[in-house]
Amino acid sequence: MKTSERIIEILLFLSAATAVLIVALILIFLLKEGLPVLVKVGIANFCLGMNWNPIAIAGEPSYGIFPMIVASFYVAIGSLIIAVPLGLACAVFLAEIAPSWARSILKHAIELLVGIPSVILGFVGLVLLVPFIRDHFGGWGFSILAGSIILAIMALPRIISISDDAIRSVPREYKEASLALGATHWHTIRKVILPSARSGIVAAVILAMATSIGETMAVLMVVGNTPILPAPIYDILDPVRPMTSNIVLEMSYATGDHASALFATGIVLFVVVAVLNAISHKALKSKMGTRR
Amino acid sequence: MSEIEIESRNLDLWYGSAQALKNISMAMPEKKVTAIIGPSGCGKSTFIRCINRMNDLVKDCRITGELLFEGTDIYGNSVDAVELRKKIGMVFQKPNPFPMSIYDNVAYGPRVHGLRNKEELDRIVEGSLKASALWNEVGDILDRSAVDLSGGQQQRLCIARTLAVKPKVILFDEPCSALDPISTAKIEDLINTLKHEYTIVIVTHNMQQAARVSDHTAFFLLGELVEFGKTKQIFELPEKKSTEDYITGRFG
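Chains as they are written, first to last, in my numbering: chain A, 1 to 292; chain B, 1 to 252.
Any given hint could be a false lead.
Unchecked claim - List of simulated lysine-lysine pairs, BS3-like, C-alpha gap at most 25 angstroms:
{"#": "1", "chain 1": "A", "residue 1": "K191", "chain 2": "B", "residue 2": "K86"}
{"#": "2", "chain 1": "B", "residue 1": "K168", "chain 2": "A", "residue 2": "K175"}
{"#": "3", "chain 1": "A", "residue 1": "K175", "chain 2": "B", "residue 2": "K232"}
{"#": "4", "chain 1": "A", "residue 1": "K175", "chain 2": "B", "residue 2": "K59"}
{"#": "5", "chain 1": "A", "residue 1": "K107", "chain 2": "B", "residue 2": "K94"}
{"#": "6", "chain 1": "A", "residue 1": "K191", "chain 2": "B", "residue 2": "K186"}
{"#": "7", "chain 1": "A", "residue 1": "K175", "chain 2": "B", "residue 2": "K94"}
{"#": "8", "chain 1": "B", "residue 1": "K59", "chain 2": "A", "residue 2": "K191"}
{"#": "9", "chain 1": "A", "residue 1": "K191", "chain 2": "B", "residue 2": "K94"}
{"#": "10", "chain 1": "B", "residue 1": "K32", "chain 2": "B", "residue 2": "K59"}
{"#": "11", "chain 1": "B", "residue 1": "K118", "chain 2": "B", "residue 2": "K32"}
{"#": "12", "chain 1": "A", "residue 1": "K191", "chain 2": "B", "residue 2": "K87"}
{"#": "13", "chain 1": "B", "residue 1": "K87", "chain 2": "A", "residue 2": "K175"}
{"#": "14", "chain 1": "B", "residue 1": "K186", "chain 2": "B", "residue 2": "K232"}
{"#": "15", "chain 1": "A", "residue 1": "K175", "chain 2": "B", "residue 2": "K166"}
{"#": "16", "chain 1": "B", "residue 1": "K166", "chain 2": "A", "residue 2": "K191"}
What the hints assert, rightly or not - Here chain A is said to cover these stretches of chain B; the calculated rule only asks that three of the stretch's residues, wherever they fall, bring their Cβ under 8 angstroms from a Cβ of chain A:
{"#": "17", "region": "94-107"}
{"#": "18", "region": "157-165"}
I should point out that these hints are in silico values taken from the structure, not numbers from a laboratory.
Since we're looking at a predicted model, the values are computed, not measured.
Idealized CB from N, CA, C, for every residue including glycine.
Generate the whole structure from the sequences, applying the supplied hints.
As structure tokens, then:
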């Protein structure tokens, strides 16, 4: 009895350790493959370099991913600009206004949205959204705008469900107190419920941003993938190449320093997403003492 | 006897198919304290929540009969619950200050009703905190979070927040059940002062409290109003056997 208990405990510990081990191994592998080029080029030159020219026919190849870092943030922030107001409005409706039948329909629809494979969203973007943008807004169609819209659709369910949870966990007493003072429902939502749910909502938004930056397939198909900054910098109809696309597009034929530079891109991506996740976690934790 | 401020006539209330209030008829006079006592689940909180229409938030809650405030039916078609709640404030069982500064808590109501003038707000906040006997304790820490106050202070802050809206009636729903005896005494003193200007209805399961603070007392049992009258008479010469049993502690 005693020994069998012990064995089970050890097995459970090993299962738990596997997850940690896998993360550690991936990180070690990324560093091993990517560090040589980072050392050779210099971290600053790599992250801030404007020029990505890995297979130079004449002269030295150059590995600058600054335009791709900008592109990743550009499409991710663009997606938030679309998805946050929409998602928040939907969450408020779900949590505060919707009768139970509407709530259950919406909840199911949102779950379906989560289940759509990203390649399908990308495909829809490619055949519908890109030509639409080309015809109505001009440019090539493959653009920051297209990428942001597709990412916004992917971010919506996450923002909605986390914000919905945050709003529903606001103590009922706050709502009653506000209403008892003669505030309208809308005023109560704006001044009491949303501020009280703020940390959860912020966490949702940052988490959505982290996922958007890490998203690959759907973005790759609509964003155009040219590794230069948009010109002018605010032109959202220009194509760009996020870090994720860079890795996928060139991995199949890259060798030597070029391959190493792609792994280094992965390191930068990993760090950015890890930092965003940490911030999101912190935002959720600070919910414990809701004070100002 | 002073004017009647709130009067219920044959009030029935159902949650779904369960009847929570049965044929309640009683009149609460102006600028007096009316206490509602009774064992848990007797409908006393449900009744008080009818008066400011907090039961509107409860699904499947159905009400028949009349509930009059200043002669108009609270549940009449022309009555706006939001407007009504400006005149009938409520202090809840658990102190529930908003997670904001002390100042913002008290200023919340006036701001809701459109007041933006800073001096005017300052004046209302100070006046309300003085009226709720809290000014001496928090006058110089108004920008601190209300959540950091003690339970008793939080409850007096909630009273100040209610006063800031300038209601005519204040409903207290077991305001001391989460408080220590000293904080309770302070709230009771406060109620004794406030009754000169406000009509007060207080739900309590503490019979000594009802005896101490109220002018009239209603005894509820299983959703029915068993007995209603002058507090002195209810406690000294109850007409009904069950009232006597309850106040002498034989059940409840």
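Hint check:
no.: 1; hint: A:K191 with B:K86; verdict: holds (17 angstroms)
no.: 2; hint: B:K168 with A:K175; verdict: holds (22 angstroms)
no.: 3; hint: A:K175 with B:K232; verdict: violated (37 angstroms)
no.: 4; hint: A:K175 with B:K59; verdict: holds (16 angstroms)
no.: 5; hint: A:K107 with B:K94; verdict: violated (33 angstroms)
no.: 6; hint: A:K191 with B:K186; verdict: violated (30 angstroms)
no.: 7; hint: A:K175 with B:K94; verdict: holds (13 angstroms)
no.: 8; hint: B:K59 with A:K191; verdict: holds (24 angstroms)
no.: 9; hint: A:K191 with B:K94; verdict: holds (21 angstroms)
no.: 10; hint: B:K32 with B:K59; verdict: violated (32 angstroms)
no.: 11; hint: B:K118 with B:K32; verdict: violated (34 angstroms)
no.: 12; hint: A:K191 with B:K87; verdict: holds (21 angstroms)
no.: 13; hint: B:K87 with A:K175; verdict: holds (18 angstroms)
no.: 14; hint: B:K186 with B:K232; verdict: holds (22 angstroms)
no.: 15; hint: A:K175 with B:K166; verdict: holds (20 angstroms)
no.: 16; hint: B:K166 with A:K191; verdict: holds (20 angstroms)
no.: 17; hint: 94-107; verdict: holds (count 7)
no.: 18; hint: 157-165; verdict: holds (count 4)
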